[in-house]
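Kindly generate the complete structure, drawing on both the sequences and the hints.
This is what each chain is made of:
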Amino acid sequence: MNFRALFRVAWQALVRNAFRSLLTTLGIIIGVSAVITSMAIGNGARAAVAAQLARLGSNLIVVIPGSIVSGGVNLGAGARQSLTPQDATSIAKEVPGVAAVAPQTQITAQVVASGNNWSTTVIGTSPSWMQVQNWTMAQGSFFTDADMKSASKSAVLGATVAANLFPAGDAIGSTINIKGAPFTVIGVLAAKGQSGFGRDQDDQVIVPLTSMQLRLNGQTWLGSISISAQSPDAVSTVVSSTQALLRLNHRLTPGQQDDFSVRNIADVQAAASETSRIQSLLLAGVAAVSLIVGGIGIMNIMLVSVTERTREIGIRLAIGARQRDVLMQFLVEAVTLACIGGAIGVALGLGASLLTSKVAGWSVIIAPTSVLISFTFAALVGILFGFYPARRASQLNPIEALRHE
Amino acid sequence: MASGEKPVIDVRDLRKVYHVGSVDVVAIDSVTLHVDHGEFTAIMGHSGSGKSTFMNLIGCLDRPTAGEYFLEGQNVSQMSTDELAAVRNRHIGFVFQGFNLLARTTALENVELPMLYAGVDPQERRTRALAALDMVGLSGRADHTPAELSGGQQQRVAIARALVNNPSIILADEPTGNLDTRSSEDIMRVFQALNQEHRITVLIVTHEPDIAGWTRRVITFRDGRVVDDKTVQPKAKVPA
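The listed protein sequences derive, respectively, from chains A and B.
Just so we're aligned, residue 4 is where the first sequence starts under the numbering used here, counting upward by one.
Just so we're aligned, residue 587 is where the second sequence starts under the numbering used here, counting upward by one.
Don't read these hints as lab results, they were simulated from the structure.
Please read these numbers as outputs of a predicted model, since none were measured by experiment.
C-beta: ideal position from N, C-alpha, C; glycine also.
Among the hints, erroneous ones may be present.
Claimed, not checked - Just so you have them, the derived chain A footprint on chain B, three or more residues with Cβ under 8 Å: (1) 634-648; (2) 672-678; (3) 697-708.
Unchecked claim - Simulated DEER-style distance windows between Cβ atoms: (4) A:W14 x B:D720: 23 to 33 Å; (5) B:H784 x A:A350: 49 to 59 Å; (6) B:G624 x A:L383: 52 to 62 Å; (7) B:H793 x A:Y391: 39 to 49 Å; (8) B:R785 x A:N5: 30 to 40 Å; (9) A:A350 x B:E710: 34 to 44 Å; (10) A:N400 x B:D610: 13 to 23 Å.
Here it is in structure tokens:
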């Protein structure tokens with residue numbers, strides 16, 4: 004019997020019990036659609052997290068001061084006044100694999116411009132901050148090494164600050180007052196939007212570190228040092244060399260704890276993507292289990308079907324069907340059932356993914372491989388769980404099968 | 587026997603023994619007989635006489651315990667399951683007491699079924715199935731399912747299915763057992779016509795002397811042995 008004839012016979016048998024066939028394949032439908040939907044949502048979430056972290060600068064390493072314990076009260080990380088601009092300079096000079104280093108200190112201040120005012124974060128840093136933090140300019144330019152040396156009163160505004168202080172868009176060249184000190188706006192940063200953690204990254208004003216120390220906070224120590232490694236591969240060596248260098252600079256003896264801590268975004272990124280990878284694996288595992296349960300459902304109904312149709316099998320054997328013909332007939336029936344379930348599942352899964360992205364506003368990425376894999380898996384389940392009933396049918400004794408009522 | 591022509595059925599010392607628990611039950615005990623081309627034969631016997639077992643052996647649905655069976659000169663007694671399936675497909679046409687048509691399947695598709703397993707292409711399948719239905723007088727009923735046909739008509743579909751692959755022999759097991767007298771006569775008339783007009787070899791298993799009376803040779807079984815084998819004068823062809 005050729006394949007077309009086999010398929011026709013299988014199709015007729017399935018249509019004759021259309022409702023039962025649908026119920027039988029429901030497990031496969033749910034399994035396949037669950038695989039596709041969960042993979043689509045998982046992929047979307049992973050891509051979103053990765054994109055947010057990439058905006059932070061993928062090779063970014065941050066050194067912050069260590070904690071301080073005062074009268075039994077631990078003031079937490081960053082409380083110490085251990086980091087200095089000299090630390091930043093020596094890292095840039097001595098640590099191999101470093102692309103750029105930006106010392107950083109910040110205050111919160113009320114910034115005033117003609118008629119408007121805005122409370123924001125003011126950051127004092129060096130020109131290399133642009134490179135380290137992956138920023139680009141929307142208008143004007145960033146301050147230079149000359150501005151650093153002269154502690155010039157120039158400021159660069161984040162997009163949010165610019166929009167609030169200068170709604171007309173005439174920020175460049177205007178004067179703003181930070182804590183009573185006048186600064187000239189020389190540039191506006193391109194908008195980055197919210198960080199992965201919900202903070203508005205555009206709500207800040209950048210001034211030269213020297214001006215900050217001289218005119219705004221009067222501190223000699225730093226809030227943090229941002230380091231950009233030359234490549235993602237260099238991150239770990241830069242981290243360890245920086246640690247060693249700073250221990251030396253700070254004259255720490257081998258028994259003493261670090262008075263600073265070095266954190267890197269790559270680790271955060273790896274952890275985040277590992278988390279979402281495990282989540283999608285878990286979801287796929289649950290979906291695979293439901294596919295197998297679906298397969299057991301198919302096997303169960305196929306066994307019932309073989310018993311119900313014992314007489315039909317007897318007739319077919321009597322008029323010349325070989326064992327292989329009967330085996331193929333029931334196998335094709337099981338696989339057709341599984342594939343129909345797979346196809347409905349694919350349609351449902353795609354629909355559910357698109358609906359999720361529309362209704363919940365989540366970013367959803369439908370990977371063609373997940374569609375392909377789940378459908379193939381459904382077909383395999385059909386073959387695997389259809390084989391035993393089909394084999395039983397093919398090995399019936401024609402005389403007994405014909406006598407079956 | 588026509589000179590030089592091999593008999594359709596040639597069984598020699600055929601035995602069939604069933605093991606029931608620790609007891610051996612001899613169902614067929616050293617049967618030797620021939621059936622030639624164009625014969626119209628009845629096998630009679632009470633239930634338990636071994637005639638159904640003999641029918642299963644002749645129909646290649648079962649293998650003998652001992653002895654040999656030549657079908658058209660071919661020794662089929664020790665063939666494999668799949669070889670026997672191919673032999674049934676090409677050489678044997680079955681007609682059963684309970685019709686055994688596929689439910690919810692049209693008469694045409696039922697008749698096409700043996701050709702499906704013979705690998706005949708769809709066009710030819712249809713032509714031959716329609717011709718077979720015509721031979722049994724059902725040309726107008728090709729698209730009816732068994733549920734839409736009377737018992738007599740269903741049995742005629744089964745006969746069409748049996749003869750569609752041009753078998754060496756048509757084996758009918760109590761073909762009128764489920765039919766009333768009138769339909770029974772119709773069916774026997776169909777067999778008679780096939781035998782007389784198309785020279786098709788027909789072998790009917792029955793326990794009714796009335797039915798055996800249509801044939802030209804009656805073989806009687808008792809306790810697994812042939813106790814009588816005689817040529818008879820067939821019933822005159824009664825006009826319908």
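Here is how each hint holds up against the structure:
1. Taking a C-beta to C-beta cut-off of 8 Å, the stretch 634-648 of chain B contributes 4 residues in contact with chain A, enough for the three needed, and the coverage statement holds.
2. Restraint check on the stretch 672-678 of chain B versus chain A: 4 residues with Cβ-Cβ distances below 8 Å, three needed, restraint holds.
3. Using a Cβ-Cβ cut-off of 8 Å, 6 residues of the stretch 697-708 of chain B lie near chain A, which meets the minimum of three, so the contact claim holds.
4. W14 of chain A and D720 of chain B have their C-beta atoms about 29 Å apart, which keeps the hinted 23 to 33 Å range intact.
5. A hinted range of 49 to 59 Å for the beta carbons of H784 of chain B and A350 of chain A is consistent with their spacing of about 55 Å.
6. Checked against the given bound of 52 to 62 Å, the beta carbons of G624 of chain B and L383 of chain A, roughly 55 Å apart, stay inside it.
7. Judged by the Cβ atoms, the range 39 to 49 Å given for H793 of chain B and Y391 of chain A holds: they are separated by roughly 41 Å.
8. For the hinted restraint 30 to 40 Å between R785 of chain B and N5 of chain A, the CB-CB distance of approximately 33 Å keeps it satisfied.
9. At about 40 Å, the CB distance of A350 of chain A to E710 of chain B agrees with the hint of 34 to 44 Å.
10. Separation of N400 of chain A from D610 of chain B is about 19 Å and conforms to the stated range, judged on CB atoms against 13 to 23 Å.
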